[in-house]
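Residue numbers (my numbering), protein chains in the order written: chain A, 1 to 367; chain B, 1001 to 1374; chain C, 2001 to 2513.
Source of the hints: derived by calculation from the structure; they are not laboratory data. All of these numbers come straight from a predicted model, not from anything done at the bench. Heads up, some of the hints might be wrong.
Claimed, not checked - Which residues of chain B face chain C? A few of them, derived with a C-beta cut under 7 Å, are: (1) Cys1019; (2) Gln1022; (3) Asn1023; (4) Leu1024; (5) Lys1026; (6) Leu1094; (7) Ser1097; (8) Lys1098; (9) Arg1240.
Every residue, glycine too, gets a C-beta built ideally from N, C-alpha and C.
Spelled out, the chains give:
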Amino acid sequence: MIRKENRISNTQLFFIIIQAQIGVGILSLPHDVSLISKNDGWISTLIAGAMVQVIILVLWGLGRKFPSLTIYEIIPRLIGKRLGKIIVFFYAIYFIVTGSLVLSRFIQVIDTWILQRTPNWILILLTLGVCVYLVKDTLRSIARFYVLVTPLLIILFGLVTYALKDANFLYIFPIGQSGIPNIVKGSKEAIFSMLGFEFMLFLYPYVKATDGRKLVAVSSANLFVTLFYTYMVFASLIFFETRQDLYLTPQPLLYMIKSYSFQIVERIDLFFLSIWVISVVTSIASWIFLASNGFKYFFGRASHARFLPCTAGIVFIIALLPRNETDLQKFNKILEPAHLGFIVVIPLFLFLFSFFFAKKRSGDHSV
Amino acid sequence: MKIKRLVTISICILLTTGCWDQNLMKNAILIQTITFDRTDDDKFLFGIAIPDIYSNLLTSGQETQASNSQTLSTIANTPREGRMKLNTEIPGNLDASKNKLILFGEQFAKGDIYPSLDVIWRDPRSSMSAKLAVVKGAAVDILRVKPKLESSISQNILNLIQSTETNTIIPDETIQSLASEILDPGEDIVLPLLKIGHNGTAIDVEGLALFNDRKLAGTLSREESTLFLLLNNKRGKYARFTKNINDNKSKMTNFISLNVDNMRRKLDVSVNNDGDVSVNLNLRLDLAVEEFPIGNVPKKLNQLNEELSKSFTSEAVEVIHKLQGANCDAFGIGRRLIAFHHGFWLKKDKESYFKNVKFKSKVEVEIVRYGIVK
Amino acid sequence: MKFIKKLLKYNKDKNENSPSKKREKISNHAFSTIKENISTINQIFSNTEDLVIKSLEIKTVPGVIIYLETMVDKEKIQKYVLNPCLQSPLEPISDMLGANFQSATVFNQVEAALLEGSCVLSLDGYAKLFIVDVSLSKERSITEPENEKVVQGSHDGFIETLLTNLHLLRKTVQSPNLSVKYLPTGTQVKSKIALVYLNNLVNEEIIHECEYRIKSISMDNVVNIGFLEELIEDSTLSPFPQLLNTERVDRVAGHLNEGRVAVLMEGSPTALLFPVTFFAFYQSPDDYSSRWIIGTFIRAIRHASFLISIILPAFYIAVIAFHFEVLPDELVNPVGSSINKIPFPPLIEALIMELTIELIREAGIRLPSRIGQTIGIVGGLVIGDAVVQAGLISTTMIVVVALTAISSFCVPSHGMSDAVRLLRFPFMFLAASFGFVGIVFGYIVLLAHLCKLESFGTPYFAPFAPLRIKDIKDTFLRLPIWKLKTRPLDSHPKHIKQQDPLRGWNYNDTKRK
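Please model the complete structure; the sequences and the hints are all you need to start from.
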């Protein structure tokens, strides 16, 4: 039985998915995308959003078939207990590795921009401590926190908009110049920044709403994130000259607002970074939460909190491994097929499998 | 329970060990201005202006503004090396995070200015709202000027730049807004041109320095600068002109002083099949008469409008001529070509496309206000 | 080793001779002879010398009257017991004694009654003992509580006597739905605790939960309501109070009307209210007596004071020590020159000043009022000025610390003010170690903590988490009274819709037209 303290509402689902998606990618997305699609990066972002929407439909279909089971329960049910449990374990490992990669990139940015001399492992430890504290209690408290911090995104939006007074719209033209293949390749980069929607695989049974409304919630979250990211990419593209200037700035958003000052404060990028830290922490916390729940189902215990220290420990060790940008790139490349596999291939396979082999069950669920 | 305690204790210990990134303000000597120069034997001269340290040693509890500035300079290979060298001459750490002014000497500006600015863009703590300017002669000399109205030379120059920006003599740019323009193949930058005047006691804004592909190539005088900025669709709060409407000599009654109230600029770039670029540059100005010694504006309104339009148009042609002479595409024609006529742009010679652009410019003037008397 | 064993044995011995075990050796049932009754009661009261035993005769039946002379009003004894006994010719004692008497057969009851100030009549041959309430009530007058003054509004406050407090409540909330539940607590010394609530509004689960928690308390002596608060609240580790303390009658009445429960205790003028949210601590009855625009403005200032008092010193330390490029150019010189000669790093400076302020605050509570004011002004000015002159602390630090101290006093509730005072320090340490990033991490932990905290099942940070836009009308803002049509949801009251339309005369007028 889903206990009362784990029930969340549809609106909370909407905000959770937004916060899980918006994370470390937002800073480097404009740069990464424009490396490939040049000044059509914003089109790539939109296309990426559309692709994510398709994946969401597949995930929703799977969730609809088993409305009271999380992904960790669906897998053993469809594939069989032993093999299913192994796959659940691998899912947990996948989430851990993704979380570590995100954490590592986050620390790199903090290292480059603010705290150059502080040893990385201390920052990683601090972040993990905060993330663990965030997710160790019920899903409801996590949802409340995520809802609470989402309005801060408006400040980010406002800061970037303020910078646009020095924008030059001519940099966007000519549209479509990079050609379709480049644009599509660019959207592959963009999708990695939009990861986080797979949280819905786990959240599906905890939300008290009809199936249709859940789809609307997740889709609107995806729409919001897509538009938000597209706006950021667009803003970077009209602020920086694409080929040389944007090429040289790995975190264009920060650079944009660095030069502005208000009457009372100067380096606004520090404030942007401070708010962004909160978004990243929520993203990393979602992955840690998913991973420890995976372990919970694998070991068959009652609460995920016992696995948090161990999960955090593994994340800590893995996050220490990449030492610089090239290591991160390598890491990213290794992880690409994993993303594809765990988020697209396996759920799709399960979905089709369920069509042929299992009928829709609504009754029993496990905690 | 035990693990919880262990974690809590270790976190507490961590917090007490360190403040690795601590950058105490009291240890930092804040650089106010930096200058880049090229010496006669082709070496790079790096100069800084810092607040005069000794004047801060007043009775404790009293606060004071840093009243004077001290100038230091050294020969080095790059700006960062120059700063490291000067650091050893000063008690305290040189800190460039509040550096608001970057000056180039004339000789230095004739070379590529981009490499020297790299260190400013690379350091996360540098101030991106710094202003750039070119100094006639050696930039480091300007730091030795003792200004009368303002306490420090940096503050003096900054205020000067601010007021001339308001008066539409120089464009409102910072190092951040210039970055994209410097790197843009289809656009060139213009920087304020300063000079030391009044026998070394004051600083003057002489006009604009025109750059061709990051190298100093020409100049514009003060009046030309104002008109150029208007042609470039950039207007500050005021844009003032004093024009001679009668070809007679410089008797006061032959002049009129105007301020631009409103303006509208149209810029059309068209390319014909041969790849020749022609630009239609039309500027429409609504003027307010601020000074007319002869008097009685309404009577001569049409005549004045005609005369002034002619005068402005010929001056605009002059300005454009100078720009083309210096090969300084400050209008961004190249950028428009990239945006809307991409095919033609790819075929053009990126170095000299601007010289071959045919400009057709026209300035239309209308006097709309003339103060509280006729 | 032997020493430790001896200590343990000593503890065990003490427990074995505990009074509750002693009780079992005395029989509980009343005796028919006066002598046995007297000796039993004496034994129960450990032969205390203020236990007075007087013999009297009622219609030839010998009897005794026993009372604690420190607890009874002698006039009442005369009026209610002795006079009727001696004057009336009627036989049944019950008729003689009139209305306020009880009969008891067990010594537990007698003991409790004597402690409360009743007198006990024991007549020879009767197995029953008669108890008459003749207690002496010396209570202080009803005045406004010292710590919760308001500018406009009622100036009534609770006093130490439970019955008077309940009387004040009943007077304010004249509704048949106002229910009172007595819960005696404490194993050695029984304290009277009363639960007060509006029966038609309150959520029954909360009542059950509270009763369960109070009944599960096994403590010798619940000394005051602070103990009780700690024993029944959800999370004692949290710095934030989860029950609202108040001494004001109108505040309790207002909260009761929203479906909350009040706990009162004999001997304490403080009432505890639950379930409360974070924002309840920032409401003051003042808001409702003034105009709503001003009310909203003042409330906004109070909420800003929360942020200022926690984050301002940390922010200042982070700016001075890590990111001084945040200061605008015009400020760099004044601030820079003021901290130039200071020998300490900013964190130490801040700690010294904060601790000094805490010392002044603590001392100020105990100073007699006449000296207190002078010392406050002199101490503040002189210390502040002298310390700057000596070059120990910078002037900007003094400004920051003073602002922080003032804003931490803006909270209408004492418990929350303490919490805020405490929270400054972790933030300062975090800022001194990691700059802005440290402050953000601390802020995340703080927010997460507030989101998790629950007061008797209600989320502490409602209406922001979970988000209920309708309830914001009375937390952050103070919308006009005629807009407050629904009750806030955090206490899960049974009826949400409160009243509608409030400005009926206006509403009906427009309808008429």
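- Item | Hints not upheld, ascending by number | Those not satisfied are hints 6 and 9.
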